[in-house]
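Asks: All chains, full assembly: derive it from the sequences and hints.
4 protein chains.
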Amino acid sequence: MNMSFLQELFSNITQREALLRRRTGNGLTVDHSHLLEACRALLESDGEASSITHASHALEIYSRLDDNSKTRFFERLGKDFSADPREIDLAYAAYRKDRENTALQRLFDACEPRRQELLRRLNLTAGGTYELVRMREDLLRLMRDHKDFAAINADFTHLFASWFNRGFLVVKRIDWNTPAAILERIIRYEAVHKIRDWGDLRRRLDNRDRRCYAFFHPAIGDEPLIFVEVALTRGLPDQIQPILDTESYDIEDPEAADTAAFFGISNCQVGLRGISFGNFLIKQVVQELKQELPNLKNFVTLSPMPGFRKWLESTYLDEQVALDPEALATLKQLENPDWLQDPELSERLNAVIRPLAARYLLKEKNRDGQPLNPVARFHLGNGAELHRINWQGDISAQGLQQSTGLMINYLYVLDNIERNHEQYITDHTIVCSSSVRDLSRRGRKLFKGETGK
Amino acid sequence: MNMSFLQELFSNITQREALLRRRTGNGLTVDHSHLLEACRALLESDGEASSITHASHALEIYSRLDDNSKTRFFERLGKDFSADPREIDLAYAAYRKDRENTALQRLFDACEPRRQELLRRLNLTAGGTYELVRMREDLLRLMRDHKDFAAINADFTHLFASWFNRGFLVVKRIDWNTPAAILERIIRYEAVHKIRDWGDLRRRLDNRDRRCYAFFHPAIGDEPLIFVEVALTRGLPDQIQPILDTESYDIEDPEAADTAAFFGISNCQVGLRGISFGNFLIKQVVQELKQELPNLKNFVTLSPMPGFRKWLESTYLDEQVALDPEALATLKQLENPDWLQDPELSERLNAVIRPLAARYLLKEKNRDGQPLNPVARFHLGNGAELHRINWQGDISAQGLQQSTGLMINYLYVLDNIERNHEQYITDHTIVCSSSVRDLSRRGRKLFKGETGK
Amino acid sequence: MNMSFLQELFSNITQREALLRRRTGNGLTVDHSHLLEACRALLESDGEASSITHASHALEIYSRLDDNSKTRFFERLGKDFSADPREIDLAYAAYRKDRENTALQRLFDACEPRRQELLRRLNLTAGGTYELVRMREDLLRLMRDHKDFAAINADFTHLFASWFNRGFLVVKRIDWNTPAAILERIIRYEAVHKIRDWGDLRRRLDNRDRRCYAFFHPAIGDEPLIFVEVALTRGLPDQIQPILDTESYDIEDPEAADTAAFFGISNCQVGLRGISFGNFLIKQVVQELKQELPNLKNFVTLSPMPGFRKWLESTYLDEQVALDPEALATLKQLENPDWLQDPELSERLNAVIRPLAARYLLKEKNRDGQPLNPVARFHLGNGAELHRINWQGDISAQGLQQSTGLMINYLYVLDNIERNHEQYITDHTIVCSSSVRDLSRRGRKLFKGETGK
Amino acid sequence: MNMSFLQELFSNITQREALLRRRTGNGLTVDHSHLLEACRALLESDGEASSITHASHALEIYSRLDDNSKTRFFERLGKDFSADPREIDLAYAAYRKDRENTALQRLFDACEPRRQELLRRLNLTAGGTYELVRMREDLLRLMRDHKDFAAINADFTHLFASWFNRGFLVVKRIDWNTPAAILERIIRYEAVHKIRDWGDLRRRLDNRDRRCYAFFHPAIGDEPLIFVEVALTRGLPDQIQPILDTESYDIEDPEAADTAAFFGISNCQVGLRGISFGNFLIKQVVQELKQELPNLKNFVTLSPMPGFRKWLESTYLDEQVALDPEALATLKQLENPDWLQDPELSERLNAVIRPLAARYLLKEKNRDGQPLNPVARFHLGNGAELHRINWQGDISAQGLQQSTGLMINYLYVLDNIERNHEQYITDHTIVCSSSVRDLSRRGRKLFKGETGK
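Residue numbers (full-length UniProt numbering), protein chains in the order written: chain A, 1 to 453; chain B, 1 to 453; chain C, 1 to 453; chain D, 1 to 453.
It should be emphasised that the hints constitute simulated quantities derived from the structure, not laboratory data. Among these hints, one or two may not hold up.
Copies of the same chain look alike in the list, so a pair counts if it fits in one copy or across any two.
To be verified - Pairs of lysine to aspartate or glutamate residues, derived as EDC-like cross-links and limited to a Cα-Cα distance of at most 16 Å, are as follows:
{"id": "1", "residue 1": "K332", "residue 2": "E344"}
{"id": "2", "residue 1": "K97", "residue 2": "D84"}
{"id": "3", "residue 1": "K332", "residue 2": "E347"}
{"id": "4", "residue 1": "K297", "residue 2": "E255"}
{"id": "5", "residue 1": "K290", "residue 2": "E422"}
{"id": "6", "residue 1": "K79", "residue 2": "D98"}
{"id": "7", "residue 1": "K147", "residue 2": "E292"}
{"id": "8", "residue 1": "K365", "residue 2": "D46"}
{"id": "9", "residue 1": "K79", "residue 2": "E100"}
{"id": "10", "residue 1": "K147", "residue 2": "E100"}
{"id": "11", "residue 1": "K290", "residue 2": "D209"}
These numbers come from a predicted model, not from an experiment.
Replies: And the structure:
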């Protein structure tokens, strides 16, 4: 039997865990100065034979530092592990003379902060990649109070972009046959609609009408990078609660589905923030689903609209200027805790809120000219179309609070993705359905004296 | 059963093969200008959504170019995909002013040749990494006549060092249960002692007294990067022929071995030249062997000494100055094709050649002050010790021709590796056994008026 | 990559699940007569090409029967699918004549109930083996009121003994990397110390100081047959509560353990009752543990003593004849719900109960002359030694109720297992420690006028 | 990573190999009497705990016996390990009285030769199943001179039918990613068109237009039981040489194929003769192919017709009675070694031989009324149709000698398989194409005064 082949493929991952475990807690107190010393030794080693030992030692020290020591370590890293100005000056002078590749290369090398070589060498250890991801997680947290750590962050970002190149990522189906050690992380990392317990998870992985896929990186082993949850349905879903319900089944056989609804996309590693995979994951999952279930016709999201209510309140309620008085009066009913139970009131709110949501998604832009809403930015940037705004799409406390219960369908029309994406990139054109456009027009009329943008 | 998990882990590798196969030969003639155009489109795309399509397209074109077009492509790559001098000047000016990290980072970014971003984007495609390795293989070949491609090579090297970081490599045991697709490559890539056929390979993988390990990279799938062949023996072996003999067995049970003899280390990917793994592989293999076979006491190589005979002839025979006339007369008998069959003559040659070999290994240095012999450089640099010089260690035609039949044992003494390595790094100190030192002293006396270095 | 090999190895198991799922509920009502008809068609088919279809059909009908129909099916199976008396008579007459092998074989074939061929053919379908195990589960349940089903049960037993031959079983380590689908079954089937939830399970599989192994059968896929839970400890454990405690750790590193304590052995498949694997599993697990952790010196159980309290009450309390009055008075204090909290009372109870437990284990026999206690029968029959009786070894409600809180250590001394086993088999000799023997002697004195058995 | 799960699944198989290897050759001479003694000890052991030791010991002795000792062992096995006549007489007497299930069961048990229990216990050891298959291989060989071993063979057959139940078999795709240890066996076991070397094998496993599938049994590990080779073609192939040609490709993309041509089915284990899997394998392979390649329309064999030329010569040439003189004269030209190179002669032979082949396949029957030709028997029995007789279908020396170069296409029409099979079983009706029927009619006219059967 050919087990040894695969077995050894993963043996080092297991070894890593062993190493990680052993390393912690051998007693001695350490602080950032020990770590800086270890980093210097690592950079001075010849870069190959003794590097692993030095690198392991450095990471071991790091793992035992408290936030204060970490902060001081990053401070020194920013200052002492930069590039050598004299080298740069000399290299630039030479470059100015001939403007040739060789001189450029020397200048490039001179400009590279020594931190980058340091990070590359720390990455030599088994398990090092993951520990560097965790280190950046610390860095991002501490950076809030230390804007000058941005340079260190740039070094991490530069290297992570290479190390987490999409060509190195592996997509894996997650289901009830996945090892518990991984499922446990899925529970932990689900960020959109919290997974309550293993029973909830089991429902979300039920082969009959659910799918889940994650990206993994071989050097990080069983830590997922990002995952997406899919419901197989008949028709486009307009509410999240039936999907999250652990008891009800829309279909019993995946072949009966015509729609794959992406209802949760969760990034797992804070330390990889800004290294984006979501776009690649969605595309690959669409491919896998099409292959497995040729009956699927629609690929759509059922997405939240975080920030909408806040925007609604700040923009319209506070200023009280622009909005039509009647609409405004209706909106204020949102503070009535019973509006959801009052069909008539609910209907009136619907008539005001959905048009405003359409305007929010289509017209409200950030400084780059892209939609203010981050979810819209993500899907529209991927080439999706703004398809439908669903009233009472998420009636959970969180759903009501974040987006007055609205949920959005973004549609991935396979033949149009490329074109939509290009248009969006070029001039931020948003492709949307006629129904959303109608809503938006109705929204315009809710303003006093509004003549349309 | 939990197959899907592993299955999907490798699914994209299979898909890659499919892609690679499909891509070739859709008929239209292409040249370097099409490729340059595709590269520009790739760099101009926003880097995410449409990149994979552009990158695949570019790689597909590349695969269909002839050497002439490749040369012209690399020429343009060197010139047109460099950095922007104006950007550099501006960034440098800003940097000069404050010497701060932010300015440095801008300068670093400005100096990075656009080629690097291009290569990163080409790497986005499934299978892209391997195709870039192959592209560098072309580059190294064409570079012989185009020294100016060195800048491009530097870009490749810079990125490969990140992508092929030791932390991403996976060591795997190769044996008779390994898939044939991989074994076939082992046969192809063995560079030290050619594998004649599958029967020869089978002998070399026999669990009873052989081991073989290779490094793999997850994004390259079943292409090995480097592998090492090990014979388990009783005592240190002094001849390669019994090891290569497919019929004879020194031991029948690996537990009976006290020695692991590394008799072949082969780099597989020309395109990864200069990205070194051998040192890491040897260390990891020593660990795996110790764990599997606690009885092992000696870790040693049985290594060739390529270039020795050439050195011998050029240095001593040609110049005819330094060498003792009697020794010289003996050496000339090497041209007698029957010396191997003549015990008495063979013994006389032994008395001259081994001492000279000891001097060759210990005293002949390259410009860096390291041993002239590349194999010695590799093992001594890894922390091994020069242990024994074996007369008639390799009596094959190649062995006789390259190194007058000598083979070398380099010994890896686990407790000394680190120290030996440090000494070697610091001042190129070579640790050697007393017997080799004695030989070297005898060698000195073979020179007329030699007073010793 | 060599995934296809393993992948296909399990593909049919996956297909089975699909098949099983599809099969249920196509609407039509069926009863035992349909099943009997399908069984006849199966037996009449030529046994190869069309068998699978017929067999699948029959199993599908069976899966939809209620208990009443199943009972009637088994009734007819007992009567109509027996052997042909005329064939038997003829074959016996021929056999009487020459007493040769050929005639014997004919007689043997004639005597084989047609049910056995029926079961063999039902087993042709993918997933059939498991469905037959489930069918026997039904049979055993219904047999309570239908003693005449014993003949059918004999046919199942005969075939299962072949199909579940130890040579076909595979032992697998169960840990936190095991697929959730299997872990879920471990939770469900644990019969000794109930697993409360996934958190409890996680603790029981913690690599640091726990191990778990199960037997699987390739044709049954991910349904475990039996599994054993092991705690790695320093010294022989005398209490179960610390082991079940999800928070406390006796050791942090498995290498630190000198003892492997088997604290739970659970049979999973009711339908395999009487087909014993436990003995094989324990032996194989001991081997695996010794290989992984050479420091282990003791292999011991921490076992319950179900039935002891019932025996105690029925034998001594009710008859009130034999027992010493003082001891009897003490024993009655067991009904005092607070005895556990009263150290003095507890100590007095200890002085009476442990000696009686020793006698119970050593002297109370069933009709076969083996220990009355089933757990003792199992371990002593496997070659273990009765080592220690632990006071307050299990102070859970169940532990107190079943065995007044006692837990037993049976010791597996590797060098003695074979000999102990042989002695036990020959004349039911029980090997026990001197401390247990002392207890037993003390127990004897608790009887009025007892002079020893 | 979830490797341990699969890893352990196969660990015992590896252990088996180790065991098997160690066992051989510990020096002492053994003969059948030692083996008989070991078998008695095994049967007398209580059947569980000590059985494995006894069974391993017995198999170890067996492996060291020569044919003479084996013969004597089987002789005693036939005589001394039969059933007890007194038991049988008593059980039969009891059975006669009440004819009930309980009595029947006792009689059945009494009739079972003790050999069967012996074989079941030998099967307890790891690797035992395979050693028993090898033992039966010996038995079948020695049986040629010892017809009385038939009883022992019947015991093996009875148990093998249970152990190798189709439900336990696993189909696996064999390709270039299969471990070499398995491919080596494919080379060894190919019985229809010999595989010359690894290059030949590689061609036969080329994903582009070849498939290969094998049945495995979990307890036998990597020993295939039977395998089938498939060529993907456009149209039904009529010649084997282009398929065996390692250089030529009919198609480059499996999706382009409309036909799956089974050109080799090889049983691997002589010791499993009579335990048939071929029928199941073909059906499962058809399913797998349809799923992978929905474009496939035809499932057909390209089969040899072993025995045809012998039949031709013995029947027509020797008797010289029935055949038309002209046809006879033509047939005699077969002895002309150059007929293949002579187009005109070849054409004349074609006109005689193919019609006779049609008659041979359709009209020549064995004692059971089935086709004389074993390959025809197999495929027609499986529900295939006799589709085409190909002139110069196999012009290898063997093809010419066995069947005058003819090759047969048996067609598996999915919708008709079941019906064809039933008809064949009922009255040996052969379904054939109109072209074959025409040939057969023409064949009739080749006889003097033939008026048709």
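Asks: Quick one: K365 to D46, C-alpha cut-off 16 Å, is that within a copy, between copies, both, or neither?
Replies: neither (51 Å within a copy, 19 Å between copies)
Asks: Within, between, both or neither: how does the pair K290, D209 come out at a Cα-Cα threshold of 16 Å?
Replies: Within one copy, since 15 Å is at most 16 Å while 25 Å is not.
Asks: At 16 Å max between alpha carbons, let me know whether K79 reaches E100 within a copy, between copies, both or neither.
Replies: between (30 Å within a copy, 9 Å between copies)
Asks: Tell me, please, which holds for K332 and E347 at an alpha-carbon limit of 16 Å: within, between, both or neither?
Replies: The answer is within: 14 Å in one copy meets 16 Å, while 73 Å across copies does not.
Asks: Which holds for K97 with D84 at a C-alpha limit of 16 Å: within a copy, between copies, both or neither?
Replies: Answer is between; shortest inter-copy Cα gap is 15 Å, intra-copy 20 Å.
Asks: Within a copy, between copies, both or neither: which one fits K147 and E100 at a CA-CA cutoff of 16 Å?
Replies: between (36 Å within a copy, 13 Å between copies)
Asks: If the cut is 16 Å between Cα atoms, do K79 and D98 qualify within a copy, between copies, both or neither?
Replies: between (31 Å within a copy, 13 Å between copies)
Asks: Have a look at K147 and E292 and pick one of within, between, both or neither, based on CA distance no larger than 16 Å.
Replies: Classified as neither: same-chain Cα gap 48 Å, cross-chain 50 Å, threshold 16 Å.
Asks: Tell me, please, which holds for K290 and E422 at an alpha-carbon limit of 16 Å: within, between, both or neither?
Replies: neither (23 Å within a copy, 40 Å between copies)
Asks: Is it within, between, both, or neither for K332 and E344, if the alpha carbons may be no more than 16 Å apart?
Replies: within (15 Å within a copy, 71 Å between copies)
Asks: When no copy is specified for K297 and E255, does a C-alpha distance of 16 Å or less occur within a copy, between copies, both, or neither?
Replies: Intra 12 Å, inter 24 Å, cutoff 16 Å: intra-copy only.
In this structure, the earlier hints numbered 5, 7, 8 are contradicted, and the remaining ones agree with it.
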